[in-house]
Structure formats: structure tokens, C-alpha cells
Amino acid sequence: MALEIVRRPAGADCTSILAELPQWFGLPDSNAAYAEHAERERAWVAQEAGETLGLMTLVDHGFSAVEIHLLAVRPHAHRRGVGRALVRRACSVARGLGKPYVTVKTRGPSLPYEPYDRTRAFYQAVGFEALEELTEIWGPENPCLIMILRVPQESTP
70 MALEIVRRPA GADCTSILAE LPQWFGLPDS NAAYAEHAER ERAWVAQEAG
120 ETLGLMTLVD HGFSAVEIHL LAVRPHAHRR GVGRALVRRA CSVARGLGKP
170 YVTVKTRGPS LPYEPYDRTR AFYQAVGFEA LEELTEIWGP ENPCLIMILR
220 VPQESTP
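In the working numbering, each number is its position in the sequence shown, counted from 1, plus 69.
No lab work stands behind these hints: they were computed from the structure. You may find that some hints are simply not true.
Restricting the straight-line Cα-Cα distance to at most 20 Å, the calculated cross-link-like pairs of lysine to aspartate or glutamate (EDC-like) are [as the list claims (entries may be wrong)]: (1) K174 / E198; (2) K174 / D186; (3) K174 / E202; (4) K174 / D129; (5) K174 / E110; (6) K174 / E136; (7) K174 / E201.
Across the chosen pairs, the derived CB separations fall in these ranges [said to hold, decoys possible]: (8) R187 / L96: 13 to 23 Å; (9) G167 / E202: 23 to 33 Å; (10) E205 / G150: 30 to 40 Å; (11) P169 / Q92: 24 to 34 Å; (12) A118 / P169: 30 to 40 Å; (13) E105 / E73: 23 to 33 Å; (14) E89 / G167: 30 to 40 Å; (15) G119 / G208: 33 to 43 Å; (16) G150 / S85: 12 to 22 Å; (17) E73 / P144: 34 to 44 Å; (18) A102 / P184: 12 to 22 Å; (19) S179 / A118: 39 to 49 Å; (20) E223 / Q193: 13 to 23 Å; (21) A71 / P181: 29 to 39 Å.
No residue lacks a Cβ here, since even glycine has one placed at the ideal position from N, Cα and C.
Generate coordinates for the entire structure from the input sequences, incorporating the hints supplied.
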């Protein structure tokens, strides 16, 4: 069965997926906020044969980019194209809103941590480029790397 991406409230799915990803999502208060956002604003959910494999939430701050607020994929579905399909959907949403960019925030490379090394490698593989690393957003113990992707004319990431 093919991967399908649908937009729907997904608070419970978010909670379930983040619980499987403690290396990335280990802060209960943050996880609860992500789940609340996924429920309230609705998420783009990647599902196959009735199983939710991943999800993404987006934020439009009103400028030139749509931000990927959350992108999470169950560990057993890593490297199966789920994240790539969600980024393609983010580009499609941005294109529909007339936005030329998609951005994402992730942990910066100045404080190495293997799981986030993989996260940055994924984003680079789908076309994101590092824009700026800041400690003012999440604090010096958690440097924030802002990455940017120019939205392709066609959904190709």
C-alpha cells in the first residue's frame, strides 16, 4: 500500500510518535506542547495501511517562509521516504501560500550529538541549507540551527 499524507488533528499520534523518539524529544513539557499544536492546528500525517508513520506541523509566521514546527517519524519507518514525503508536502503548502521558502529549526552543530547529526544530514539531503546558529532561542546548552530550503517550482525534494 502506498504512503498517504492527510491533514487532520493528530495530538494522540504525536504523543505516541514522540514517545518512540526520546533521543530527540525527551522533554515532557515540550512534547505536550507539540501534541497540543498537532491537535489544535492539525498535522500532516503520513500513513500506510492504516498505521501512522510520521507527522509534521507547520507555522506560517507571515513573512517569506513556512516553518516546519515539528517533523517526526517512527524509528521503524526511518529511511523509507516518510520524512522526504512530508518535506515535499511542506513545499507544496508553502507554494500554495506564495511563500518562496521553508525553514526548520534543529539543534546546531556547535554542540555535537549524534541523533541531531543525522537530523541535519536528512535536512541537507532534501535540500535545506544551514542559515544561522543562535543560542538566544533555546539557550547556550541547546544551540538552534536555522535551516532554509527554497521551494522548488515542482515538488522535488
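Checklist entry - Which hints from the list above does the structure break, by number from lowest to highest? => result 17
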